[in-house]
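Its first residue numbered 1, the sequence shown is counted upward by one per residue in this note's numbering.
In short, the hints are calculated from the structure, not lab data. Some clues are possibly wrong.
Only pairs whose alpha carbons sit at most 27 Å apart, straight line, appear in this in silico DSS-like list of lysine-lysine [claimed, not checked]:
1) Lys53 to Lys66
2) Lys131 to Lys155
3) Lys53 to Lys73
4) Lys31 to Lys73
5) Lys53 to Lys31
6) Lys31 to Lys131
7) Lys66 to Lys131
8) Lys73 to Lys196
Here the structure is a predicted model, which means the values were calculated and not measured.
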Amino acid sequence: MKDDFLKDAATRSRVFKLAGISETAVRELIKDLAVEDSASIGYLTVPGEIQVKITVQNDSASLDSKLEAIAAKVQARLEEYIFSCDGEVIEDLVGALLRQRGLTIALAESCTGGLISARLTDLPGSSVYFKGGVVAYSNELKQSFLGVPPEVLEKHSAVSRETALAMAGGIRNRASSDIGLSVTGIAGPDGGAPDKPLGLVYIGLSAASGDLCGRYVFPGNRAGVRQGTVNAALNTVRRFLSKA
């Protein structure tokens, strides 16, 4: 990992970028780590991500080792959600991993309305790994284009683990891609129920090695929920490819 050093010789810092977790949850997981007067942990919430900045200050020569020690503990606790420690952009990381592994991806989006596809296709040369995407907003299109069984929608609803997995598998088969990625959720401001609150999102991934699905509840307004979903979905792909 590369350090992000400040100009002041007596100060060192590093910034982690996270997706798929709230600031409250991040604070709870690492609240005990910055207990020295010479160390601090700061938080910044931007659309779709949380930034955690570790700063150490000291007059001694132990700045680097202190920063490394705290950063290692932070990374160990938040590894599932960290996508950058060197300023990287998550779609760049996903694109690079897809290229390295020679894999292709296709998307089935509902609540994000094509935002994930837009992020991936902003990159030059993305046609090498991006097969295409569909915005399957209606249940009719989920059934007719993606092959989601009507009984799944009737029993579990459009916003469910079962539907997300069926969407991911459907787009993977339809596009003949190596990976199928899906998102379905309630971005608001309308909708929501006690068992399916506003901000609830399911992210599904289908591949030859198996399927997976994550459940998230993103805070904020419609735009915030959508941006949170985009980064969490891309981070799902990054994590999958990193372990492949």
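Would you mind confirming whether the straight-line C-alpha gap from Lys131 to Lys155 stays at or under 27 Å? 31 Å, violated
Within a Cα-Cα threshold of 27 Å, do Lys53 and Lys66 meet the stated pairing? It holds: about 14 Å lies between the C-alpha atoms, which stays within 27 Å.
Going straight from one Cα to the other, do Lys53 and Lys73 come out at no more than 27 Å? 13 Å, holds
Compare the distance between the alpha carbons of Lys73 and Lys196 with 27 Å, and conclude whether the hinted pair is satisfied. 34 Å, violated
Between the alpha carbons of Lys31 and Lys131, is the straight-line distance 27 Å or under? Violated - the C-alpha atoms of Lys131 and Lys31 are around 42 Å apart, more than 27 Å.
Satisfaction of hint between Lys31 and Lys53, Cα-Cα up to 27 Å: Between Lys53 and Lys31 the Cα gap is close to 13 Å, so the pair holds against 27 Å.
Assess, step by step, whether the Cα of Lys66 is no farther than 27 Å from the Cα of Lys131, and give holds or violated. It is violated: about 45 Å lies between the C-alpha atoms, which goes past 27 Å.
Lys31 paired with Lys73 [C-alpha distance capped at 27 Å]: 11 Å, holds
Hints 2, 6, 7 and 8 from the earlier list are contradicted by this structure; the remaining hints agree with it.
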